[in-house]
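2 protein chains.
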Amino acid sequence: MTDTPNRSRRSAVERLEAALDRIRSPETEGSKVFTAVFDDNARDEAAAADRRAATGSTRGPMDGRIVSVKALFDVAGGVTTSGSAVLRGLPAAVGDAVVLQNLRAAGAVIIGKTQMTEFAFSALGTNPHDGTPGNPSDRKRAPGGSSSGAVVSVVDGMAEIAIGSDTGGSIRIPAALSGAVGFKPTSGRISTAGAFSLSSSLDTIGPIAASVADCVMTDEVLTGETPTQAQPASPEPATPETFRLTIARGRLFDRCEAGVLDAFEAAVQRLRSHGVRIDDGSIDPALNDIADIDRIGTFPSIEVGATLRGLGISCLDGIDPKTKARIEAGAGILAVDYVRMLRLRHAAVRSFEQSFTENEVFILPTTPIRAPLLSSVEEESAFHEFNGLVLRNPRVANMLDCPSISLPLSVDGLPAGLMLIGRRNADRQLLEIASTLETMLQS
Amino acid sequence: MTDTPNRSRRSAVERLEAALDRIRSPETEGSKVFTAVFDDNARDEAAAADRRAATGSTRGPMDGRIVSVKALFDVAGGVTTSGSAVLRGLPAAVGDAVVLQNLRAAGAVIIGKTQMTEFAFSALGTNPHDGTPGNPSDRKRAPGGSSSGAVVSVVDGMAEIAIGSDTGGSIRIPAALSGAVGFKPTSGRISTAGAFSLSSSLDTIGPIAASVADCVMTDEVLTGETPTQAQPASPEPATPETFRLTIARGRLFDRCEAGVLDAFEAAVQRLRSHGVRIDDGSIDPALNDIADIDRIGTFPSIEVGATLRGLGISCLDGIDPKTKARIEAGAGILAVDYVRMLRLRHAAVRSFEQSFTENEVFILPTTPIRAPLLSSVEEESAFHEFNGLVLRNPRVANMLDCPSISLPLSVDGLPAGLMLIGRRNADRQLLEIASTLETMLQS
Chain A
75 MTDTPNRSRR SAVERLEAAL DRIRSPETEG SKVFTAVFDD NARDEAAAAD
125 RRAATGSTRG PMDGRIVSVK ALFDVAGGVT TSGSAVLRGL PAAVGDAVVL
175 QNLRAAGAVI IGKTQMTEFA FSALGTNPHD GTPGNPSDRK RAPGGSSSGA
225 VVSVVDGMAE IAIGSDTGGS IRIPAALSGA VGFKPTSGRI STAGAFSLSS
275 SLDTIGPIAA SVADCVMTDE VLTGETPTQA QPASPEPATP ETFRLTIARG
325 RLFDRCEAGV LDAFEAAVQR LRSHGVRIDD GSIDPALNDI ADIDRIGTFP
375 SIEVGATLRG LGISCLDGID PKTKARIEAG AGILAVDYVR MLRLRHAAVR
425 SFEQSFTENE VFILPTTPIR APLLSSVEEE SAFHEFNGLV LRNPRVANML
475 DCPSISLPLS VDGLPAGLML IGRRNADRQL LEIASTLETM LQS
Chain B
75 MTDTPNRSRR SAVERLEAAL DRIRSPETEG SKVFTAVFDD NARDEAAAAD
125 RRAATGSTRG PMDGRIVSVK ALFDVAGGVT TSGSAVLRGL PAAVGDAVVL
175 QNLRAAGAVI IGKTQMTEFA FSALGTNPHD GTPGNPSDRK RAPGGSSSGA
225 VVSVVDGMAE IAIGSDTGGS IRIPAALSGA VGFKPTSGRI STAGAFSLSS
275 SLDTIGPIAA SVADCVMTDE VLTGETPTQA QPASPEPATP ETFRLTIARG
325 RLFDRCEAGV LDAFEAAVQR LRSHGVRIDD GSIDPALNDI ADIDRIGTFP
375 SIEVGATLRG LGISCLDGID PKTKARIEAG AGILAVDYVR MLRLRHAAVR
425 SFEQSFTENE VFILPTTPIR APLLSSVEEE SAFHEFNGLV LRNPRVANML
475 DCPSISLPLS VDGLPAGLML IGRRNADRQL LEIASTLETM LQS
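These protein sequence lines are chains A and B, in that order.
Counting along the first sequence from 1, when you hit position 428 you're at 502 in my numbering, and nothing is skipped either side.
Counting along the second sequence from 1, when you hit position 319 you're at 393 in my numbering, and nothing is skipped either side.
I should point out that these hints are in silico values taken from the structure, not numbers from a laboratory.
Warning: the hint list may mix true and false statements.
As the list claims (entries may be wrong) - Heads up, incomplete: computed chain B residues facing chain A, CB under 8 Å, no partners named:
| hint | residue |
| --- | --- |
| 1 | G379 |
| 2 | R383 |
| 3 | D411 |
| 4 | Y412 |
| 5 | R417 |
Claimed, not checked - If you anchor each label on the Cβ, the simulated ranges turn out as follows:
| hint | chain 1 | residue 1 | chain 2 | residue 2 | range |
| --- | --- | --- | --- | --- | --- |
| 6 | A | S484 | B | C389 | 51 to 61 Å |
| 7 | B | S425 | A | P395 | 33 to 43 Å |
| 8 | A | A456 | B | G152 | 56 to 66 Å |
| 9 | B | L390 | A | S356 | 32 to 42 Å |
| 10 | A | S388 | B | H348 | 49 to 59 Å |
| 11 | B | S425 | A | S356 | 44 to 54 Å |
Ideal Cβ positions, reconstructed from N, Cα and C, are used throughout, including at glycine.
Using the sequences and the hints given, assemble the complete structure.
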């Protein structure tokens, strides 16, 4: 829960210049990670942060931190391309997205906008329009998405914190596959105003960072609320006797790579050795509720169609065929069936919320696999199979509107993730528990 | 703002027996007004209320009041038929609707369930399945709906207060056409749990009564909240210098009967003579926003289809052809277009909310016409024309999610209504202003 040694030693200007160097380094893939770099403006912001630090007028822990934002956020004066060639002709955004406003108010240095999959739809990180950054652990592998540039910006030292969005796992999947912490809040906690909307029902906004502490700090800033005495700015890590973990055994463990499963079970043993109570359990009733909705349709496929129509896009030419197929699937769904989906989801959310307490957290592997080779997901059916597999576990938290966080695991030199799913609106409790588990896993 | 003299003199048992006599009187149409009468249970409740009054343990101003509830509310042990023959085969409700629970907790005597139009869809009050009660001012005329039995129960002395629902005017239209006060709150103020859902987007629940004071009292009970010091149980009427009225001139005055217009303008003059500030104005920008939504579809037509499917009704045989036509119109709307409707409405609601203050209220005739002859609305095209005409003005408050109340006017022996539209969530302020205007109009 402390700043990195580097940070305390180095000024914002120095850390920004180091990040800009990394973006331009031949060792990294900065041109595929960022769709825009705000050199001049970021230098001004970093210098201002350093002046505030020198005069003791800091705006808080985010002041001077180097932050990247996903290409679906409005940044005043630029076009919000959201990973798609068809949106490049839109008019420039007039104002900043609400999360950008909150970040700037807290003193964050916005270094640039990061690559993402088209409309944030798919989860491997590939993008035929803007390019695909390689996974930092192995450039031939997928970084995970849709917040793919986001995670690589953090892991490759081009930003300290990345702001992503998560509609079905788009923060937690890249965090797991590329080796970072990714936090998705309960919906409504962070304003989505000024962000491209893939799914108004499921969209959430959150951080990808190197530590839970940075996620906690960023989450607080993104909410736009001033910390109160009742809810202090930096929560204490939870002590083991105050919470319990339940392993969500069952269908979400199917097709799990042996290495991922071994790493997960080893983590469970390590946490138990630190005194954490961990029981086997199941969320299968909730999975059945989700399956009932899936049999009718999926929210992103339907809702993104309304977003595109709202932006004046009525022709789907120029959209990646893999994306287009999913939008076309949603285009045929009837309104009456969509209303049924909304009502089934409302009931599923309420039912799951009532099935556990704020001090109980479900744990499972974030994805059943590690990052696939990019060459293995080029072919369309393989793409859809791997895409569905990495989305399967994380999307449960979107459908049930729960906060969820992915902590890094390592499996033979490739990252994987330990995912926590907390109770709806118990975001703070989840983060406190995650902070404790992170320390135990590192010790 | 005081109880009626009758009430203070007579016990709950006496008032209940008088109401039951009215239901069975050959002079009235009790069998068409009620779909169920709870004689035995109501007698028990009235006796209990009288015992509480005798021992000084009253539950508040609603204790012992005689209340009817629309046939779309769940009453434990009975089938919620909602005006339709196709719902008569449903299983009996297991529990009471939330509003019934709140009413019973406040000591209300529930006398029975009132007739309504099928699924609360149409607004003249006609029902081919359950019968149509005549307008109390002229039995050959329509009572107005969809809370038709509700208003007649109050005007004909079969209940002191009726609980109705209002999705496009279904409380305020019968109040205007049959001569009562009808209040529709902002959505979300009163729980709709346990009520048949015509439109999950637009449904609201509220009272029809003889006075604003009874509406205020009932609204408080329906919210289920205990009055606090900050929000006292009985608000003071607003003084004229604390608010202003704006006449919503323009399209909503089209096709207004000369008599209704004269009565409206006379009311305006009377209010001005009491010192109320009244300006001419317009809500035409908001009407344009609503028209943009209407060009895509209407919420009830779509959403009731999902309700019926949720109840296991997939075949529309047995539904009145006039109702069926509207459900079929909704059945063809695509989900993507419905999402666009939701987003356009969200923007329209926000825009209208920001266009005026809590102390400004728009006024206009509730309906441009008085109650039509039942014989004149039998033919299908005439039915749809009159139906659309009486819905036109009230539904604006549903689409813009504003509180709205209809106060009685009289035009040559037939009732009409003066409608107030307040700012979203300024329900209390609207009721306080309505209370003041009611007194001025009666003096």
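To see whether the hints hold, each was checked on the structure:
1. G379: Holds, because the Cβ-Cβ distance from B:G379 to chain A comes to roughly 4 Å (cut-off 8 Å).
2. R383: This interface hint holds because 6 Å falls under the 8 Å limit.
3. D411: holds (7 Å)
4. Y412: This hint holds: B:Y412 lies near chain A, its Cβ roughly 4 Å from the closest one there, short of 8 Å.
5. R417: Holds: closest Cβ of chain A sits about 6 Å from B:R417, inside 8 Å.
6. A:S484 - B:C389: 51 to 61 Å: holds (58 Å)
7. B:S425 - A:P395: 33 to 43 Å: holds (38 Å)
8. A:A456 - B:G152: 56 to 66 Å: About 57 Å separates the Cβ atoms of A:A456 and B:G152, which means 56 to 66 Å holds.
9. B:L390 - A:S356: 32 to 42 Å: holds (40 Å)
10. A:S388 - B:H348: 49 to 59 Å: Distance hint for A:S388, B:H348 holds at roughly 55 Å.
11. B:S425 - A:S356: 44 to 54 Å: holds (47 Å)
Hint violations for this structure: none, all hints satisfied.
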